[in-house]
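Asker: Each chain, written out:
Number of protein chains: 2
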Amino acid sequence: MNFIAEIKIMPLKELLDPQGKAVMGGLSNLGIKNIDDVRIGKHIQLNIEAANKEEAKKIAEEASQKLLANPVMEEYMILIS
Amino acid sequence: MNFIAEIKIMPLKELLDPQGKAVMGGLSNLGIKNIDDVRIGKHIQLNIEAANKEEAKKIAEEASQKLLANPVMEEYMILIS
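Just so you know, the sequences run in chain order A and B.
So the first sequence is numbered by numbering that gives the first Met the number 0: it starts at 0 and just counts up by one.
So the second sequence is numbered by numbering that gives the first Met the number 0: it starts at 0 and just counts up by one.
These are calculated hints, taken from the structure and not from any lab test.
Owing to the predicted nature of the structure, the values given are computational and were not obtained by experimental measurement.
You may find that some hints are simply not true.
[Said to hold, decoys possible] The calculated lysine-lysine pairs, modelled on DSS-like cross-linking and capped at a C-alpha distance of 25 Å, are: (1) B/K20 to A/K7; (2) A/K52 to A/K7; (3) A/K20 to B/K7; (4) A/K41 to B/K56; (5) A/K41 to A/K52; (6) B/K41 to A/K32; (7) A/K65 to B/K32; (8) B/K57 to A/K56; (9) B/K65 to B/K41; (10) A/K7 to B/K56; (11) A/K12 to A/K41; (12) A/K41 to A/K65; (13) A/K20 to B/K32; (14) A/K12 to A/K32; (15) A/K65 to B/K41; (16) B/K7 to B/K20; (17) A/K7 to B/K7; (18) A/K7 to B/K52; (19) A/K41 to B/K57; (20) B/K52 to B/K65; (21) B/K12 to B/K65; (22) B/K56 to A/K32; (23) B/K56 to A/K12.
Take these sequences, add in the hints, and give me the full structure.
Answerer: Shown next as structure tokens:
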């Protein structure tokens, strides 16, 4: 069966996010003022061929740990559908 | 009131995603073989100060159109919480 894994990878809350800060400055320059924090991460979508949802989740988890996310600076969340 | 807008920005389905293709190659080299497509986009989280959910959504929509997403190459989805 084919599963889609949506992986959201965000910088850890404890860390500064300079890219987010730059975007916040840009939004403010464009006149969009009501935003007080911006954080930017990655969104990765995997098409996984697996026997069941649990196996798909395991594969997505392995991919995240081995390649997609850097646990020193990022946290990830996996959603299988 | 404070709202959090989660904006998922992905490359359009019609377009190639070379970054995704590279990651798919990397996963395959690591021995993770059951993945037949990878697409990589951005995940942006905005803290919005707004009177209500509709206003927060409008601000997130404006930010996406004016700065965050490139409609020629990307599609976006907004989720307010």
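Asker: Evaluate each hint against the coordinates.
Answerer: Here is how each hint holds up against the structure:
1. Proximity of B/K20 to A/K7 is assessed by CA-CA distance (about 18 Å); at most 25 Å being required, the pair is judged to hold.
2. For a cut-off of 25 Å, the pair hint linking A/K52 to A/K7 stands: about 18 Å separates their Cα positions.
3. A C-alpha spacing of about 18 Å is found between A/K20 and B/K7, which places the hinted pair at or below 25 Å, so the restraint holds.
4. Pair hint A/K41 plus B/K56 holds up; C-alpha atoms about 21 Å apart against a cutoff of 25 Å.
5. For a cut-off of 25 Å, the pair hint linking A/K41 to A/K52 stands: about 23 Å separates their Cα positions.
6. Of the pairs offered as hints, the one joining B/K41 and A/K32 holds, with about 22 Å between alpha carbons and a cut-off of 25 Å not exceeded.
7. For the hint linking A/K65 to B/K32, the alpha-carbon distance of about 13 Å falls within 25 Å, and the restraint holds.
8. With a CA separation close to 34 Å, the supplied pair B/K57 and A/K56 exceeds the 25 Å bound.
9. The hinted pair formed by B/K65 and B/K41 meets the criterion: a straight-line CA distance of about 16 Å does not exceed 25 Å.
10. For a cut-off of 25 Å, the pair hint linking A/K7 to B/K56 stands: about 21 Å separates their Cα positions.
11. Restraint check: the Cα-Cα separation between A/K12 and A/K41 comes to about 15 Å, which is no more than 25 Å; the hinted pair holds.
12. With a CA separation close to 16 Å, the supplied pair A/K41 and A/K65 stays within the 25 Å bound.
13. For the given pair, A/K20 sits about 37 Å from B/K32 by alpha-carbon distance, which is inconsistent with the 25 Å threshold.
14. Between A/K12 and A/K32, the direct Cα distance comes to roughly 22 Å. Compliance with the 25 Å bound is thereby established for this hinted pair.
15. Among the hinted pairs, A/K65 with B/K41 is consistent with the structure: their alpha-carbon atoms are about 20 Å apart, no more than 25 Å.
16. Only pairs whose Cα atoms come within 25 Å are accepted, and B/K7 paired with B/K20 is accepted, the gap being roughly 19 Å.
17. Annotation: proposed proximity of A/K7 to B/K7 holds, straight-line Cα distance about 9 Å (limit 25 Å).
18. The suggested pairing of A/K7 with B/K52 holds, with an alpha-carbon distance near 23 Å, which does not exceed 25 Å.
19. Distance check on the hinted pair: A/K41 and B/K57 sit about 23 Å apart at the alpha-carbon level, within 25 Å; holds.
20. With a C-alpha separation of about 20 Å, the suggested pair B/K52 and B/K65 falls inside the 25 Å cut-off, and the hint holds.
21. Between B/K12 and B/K65 the alpha-carbon distance is near 21 Å, which keeps this suggested pair within the 25 Å criterion.
22. In summary, the hint linking B/K56 to A/K32 is supported, as the alpha carbons are separated by about 14 Å, within the 25 Å threshold.
23. As the CA atoms of B/K56 and A/K12 are separated by approximately 23 Å, the hinted pair is consistent with the 25 Å bound.
Violation of the numbered hints given earlier is confined to hints 8, 13; the remaining hints are satisfied by the structure.
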